[in-house]
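Novice: My request is simple: use the sequences and hints to build the entire structure.
From first to last, the protein sequence lines stand for chains A and B.
Okay, so the first sequence: first residue is 23 according to my numbering, each after it adds one.
Okay, so the second sequence: first residue is 1241 according to my numbering, each after it adds one.
Keep in mind that the hints are not guaranteed to be accurate.
[Unchecked claim] With a straight-line Cα cutoff of 30 Å, these simulated DSSO-like cross-link-like pairs (lysine-lysine) come out:
no.	chain 1	residue 1	chain 2	residue 2
1	B	Lys1300	B	Lys1258
2	A	Lys106	B	Lys1258
3	A	Lys369	B	Lys1300
4	A	Lys369	B	Lys1243
5	B	Lys1258	A	Lys369
[What the hints assert, rightly or not] Label pairs and their in silico Cβ distance ranges:
no.	chain 1	residue 1	chain 2	residue 2	range
6	A	Tyr59	B	Asp1246	43 to 51 Å
7	A	Phe262	B	Gly1267	54 to 62 Å
8	A	Ile296	B	Glu1306	35 to 43 Å
9	A	Ala48	B	Ile1276	27 to 35 Å
10	A	Arg100	B	Glu1306	27 to 35 Å
11	B	Arg1268	A	Ala432	27 to 35 Å
12	B	Glu1291	A	Arg374	22 to 30 Å
13	B	Gly1267	A	Val424	37 to 45 Å
Honestly, the hints are just simulated from the structure, not real lab data.
Quick reminder that beta carbons are idealized off the backbone N, C-alpha and C, glycines included.
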Amino acid sequence: MQAQSGSLLPPTPALNFGGPRAVRGALALAAAVAVYYFAAGNEVRMGTFWVLGLAFGFVLQRSRFCFASAFRDIFLLRHGRTLKGVLVGLAVAAVGFSTLMARQVPNTALGVLPPDANVLPMGLHTVVGGILFGFGMVIAGGCVSGSIYRMGEGYVASWVSFFGIILGVLGAAYTWNWWWEFQIEDGLRLWLPNLLGHGGALVLTLAALAGLFVLTLWWESRAGVVVPDAPFQAEEEANFAARLRNLFKRIFVHGWTPLLGGAVLGGLNVVSFITERPWGFTGELSRWSIGISNSLGFGPGILKGVDALPGCTLELGDNGVLHFMLFLVLGMIYGSFLAAYFAGEFKIRIPRQRIRFVQAGGGGLIMGYGAGIAMGCTIGAFFSAIASLAVNGWVFAIFLAVGAWLGTQAIQRIP
Amino acid sequence: MSKQIDLRGEICPYPMMKTVQALKKLGREDHELVVIIDHAPALETIPTQAERLGFTVEIKETGSPEWRITLTRK
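Specialist: Here it is as structure tokens:
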């Protein structure tokens, strides 16, 4: 037990790796290694994406990187602590993506799009999807990635959200063909390098991100709210062992700042793109519910045009259970669990009010529907899309913010 | 007089919102509010909001992961 008065924030808890905890921790790590060999034995990519998933989950948990709070707290608390982390992550990913895409499409004047970048058709579905997603994530208390890492931390409500999301994308699939004919098929796919060249597109994107960062600082100063980073309570670095302990504590126990979390997530996103495709997983979640419902005979059937679209577009799920993206999602949940376990932050948390389950499930459904028609969540249609230097990422972001504002109004009315 | 609210199990952002509500409802005779939480992100948001409302903050780690936050009127 530790106490501290006068200070705003709690000290970093002590390292606690001894006894039965160490044994359980070792078993949990061994399980991760076993799954890796199983996955990689099936297909190399499956193993790679399991490891990538573990890394994403670990970083999300360590920095408690919540995209929902990034958008919500600008309105609710008038501070942009997480939003600034998101902006840094976008800048890191944009640089990496740009380098990669410049190799894939050397001549931008031809109007060709990089095949795996998240350049998506825009239209009313982007607007409606963004608003629904932003609203749903605030109601549910976390977006898709936020729900995934909180599942690993033991939040039961997040498991309910996750289930809602999976049903929500199925709902989107039932209406996909209508949206396809109404908007998506003829939707403009605007890739900034086609207009400005690789250098110009990257410079414009980085300038916009920097501008937003400054705007966020101004917004925080105007409201007078600046949330400080938790102080790190280091022990005196008397010798090598003490230094090593401090390092371990910084990584595994002390929470990472959103700026660090954002930067590392941006870097991991580049690794994901180099390996296969940008980070994103709502397409994979849709593969589960669409695949199961189709195989049971009540599914949405054929979805027009989805094969030709990149990113987190709905997937039919007719290609078997195992897929490398499955390992990404499971890896994220497990990576967050490991991070939370070693930091002493794992706990099964059950909300006492029944309304919270309704919020989690309902918010998940709304989010899932929004992500389905917008072809991605805060990751696929935003974090990976802006980094792809695609205009649709910015459009989605604007309406995410609108939805988050609406959601913020709503949660203040729910007791 | 001291009041206490137990917000364990609550989802984001309710630990912070309910604490702010409770602080605003404190009567004149109540000088202290004790908040029990298990939602780590609230360790950053509750102190900031409480400070704004004129309370000092003391955080004790009482479990893994559970915290007892004592907010005292300045």
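Novice: Going back to the hint list, which numbers does this structure go against?
Specialist: Per hint list: zero violations.
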